[in-house]
Structures are given as C-alpha cells and as structure tokens.
Amino acid sequence: KQEVTQIPAALSVPEGENLVLNCSFTDSAIYNLQWFRQDPGKGLTSLLLIQSSQREQTSGRLNASLDKSSGRSTLYIAASQPGDSATYLCAGSIGSTLGRLYFGRGTQLTVWP
Amino acid sequence: GAGVSQSPRYKVAKRGQDVALRCDPISGHVSLFWYQQALGQGPEFLTYFQNEAQLDKSGLPSDRFFAERPEGSVSTLKIQRTQQEDSAVYLCASSYPVAGGSPNYNEQFFGPGTRLTVL
Numbered sequence: 001k002q003e004v005t006q007i008p009a010a011l012s013v014p015e016g017e018n019l020v021l022n023c024s025f026t027d028s029a030i031y032n033l034q035w036f037r038q039d040p041g042k043g044l045t046s047l048l049l050i051q052s053s054q055r056e057q058t059s060g061r062l063n064a065s066l067d068k069s070s071g072r073s074t075l076y077i078a079a080s081q082p083g084d085s086a087t088y089l090c091a092g093s094i095g096s097t098l099g100r101l102y103f104g105r106g107t108q109l110t111v112w113p
Numbered sequence: 001g002a003g004v005s006q007s008p009r010y011k012v013a014k015r016g017q018d019v020a021l022r023c024d025p026i027s028g029h030v031s032l033f034w035y036q037q038a039l040g041q042g043p044e045f046l047t048y049f050q051n052e053a054q055l056d057k058s059g060l061p062s063d064r065f066f067a068e069r070p071e072g073s074v075s076t077l078k079i080q081r082t083q084q085e086d087s088a089v090y091l092c093a094s095s096y097p098v099a100g101g102s103p104n105y106n107e108q109f110f111g112p113g114t115r116l117t118v119l
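For the protein sequence lines, the chains are B and R, in the order given.
Under our numbering, residues 1 to 113 are what the first sequence spells out, in order.
Under our numbering, residues 1 to 119 are what the second sequence spells out, in order.
To be clear, the hints were calculated from the coordinates, so they are not data collected in a lab.
We put the CB at the ideal spot given by N, CA and C, even for glycine.
Mixed in with the good hints there might be a few duds.
[Unchecked claim] Cβ-to-Cβ under 7 Å is the rule here; a few derived chain B residues that face chain R:
1) Gly43
2) Leu89
3) Arg100
4) Gly104
5) Arg105
6) Trp112
Just chain B, same shape as in the assembly (with noise of 0.2 Å):
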C-alpha cells in the first residue's frame, strides 16, 4: 500500500520567510503528483500539478519538484504571508490504480506577521 509523509507535520514562521515542505512515497512509481490548499472547515484548492513527463512546476510565489527516483515533493513557497496560512497536502496517483490520488497527513502552516 502506498505510504505517503509528509514533513514538518506543523510550521509556524514569520512574515516573509521562504519556506519548505517535504512530501515522501513509498512507491516512487508516480504518474501524476498534486499540492492541495486546505483552508478550515474547506475543501481542497488544488495548487500544483506534476505529470508524469514532468519535474517541476511553478504559479507565482509556489515552485513543487519531483523526484521520481527516490519518490520525493518538494513544496517551495517563497516570501510567505498571512493569507499563505493553510493546511498544504500532497497526493499522487500511482500506475495500477486508475487515477486514485494517495493523500499524506498534511503540513499546516501558520505565517504570522
């Protein structure tokens, strides 16, 4: 079964900062991988998404990578502020499973000013 982690579970920074979250499978067989915006009591925005062809994409201040080998996201946001504070999760689809995203526990973030 596919694990998914995510690291750090919680984050709290000051205005500005650039930030990192870290996404990790157990099966690194991705086809596509999503970032998801979690806001309280909300559904999920999706933020990012990376094919299977790709590496990386970037919509302004975000920038997620891929690393098929080792089965690992990387979440870049760049000069956070206030309205960045959400819950981020990563989910991936693998080859077998026809498009069944694998959703890991989240990072929730606070950007405080």
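Dock chain R against chain B, hints included.
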C-alpha cells in the same frame, strides 16, 4: 465556470440512520472520485466512476457504503445504518478526460465536502 458542488454541506445523523450525500461534478468531467477525510488526516479514497461505470470501489469501508452515478453526471454516496466511526468529511472530486489517456494523468478538482456527524 462552476466548480464541483456538494450537498448538504453539513449532516447530523443518529446512529443507525441512513444518509445520502450528493455530488455535482464540473460539467463534462468524465471521472468522479469520492474520498473520506477523518479529522486530522489526509483524504482516503473510497470509489471511482468513469461516466456511469463504477470502476473501483475498493476503498469503501463496508457494505453499508454504496455509491452510484446512474446518468454519468451527478453522484450519490449512500451510507446505511450509520455508525459513529462514519463521522468524517466526505469529499467529491472530478476530472476531465485526456483522449485515450489514463485517468492517472488528469488533475482532480474537489468540492467543499459534506461534514457528517453521527451521534
């Protein structure tokens, strides 16, 4: 355009009651997924539809859970004889098809979820 919608947003049920949760996917999205998210956990897969066909139901925790998508659009997740351990947020996601491609390649878009509390 409209995103994935789910109803009700909140549901409180007494133990033993049956509940039905609805998902309206993004128009034209072929694939539809249901996930269960317990408090403090990441979402866990329940079941997957491609159009009206349920292709994977391996994540359904017991035979009290049943999902359908009879016309390939709206989906309903039904839980019979609810138990306290069923309390969770139920998330629905949909994705658009890549012609001839595997659903593995498609970005999933999530609804706001239904928070189910079983007393």
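Here's how the hints hold up against the structure:
no., hint, in the structure
1, Gly43, "holds (4 Å)"
2, Leu89, "holds (6 Å)"
3, Arg100, "holds (4 Å)"
4, Gly104, "holds (5 Å)"
5, Arg105, "holds (5 Å)"
6, Trp112, "violated (22 Å)"
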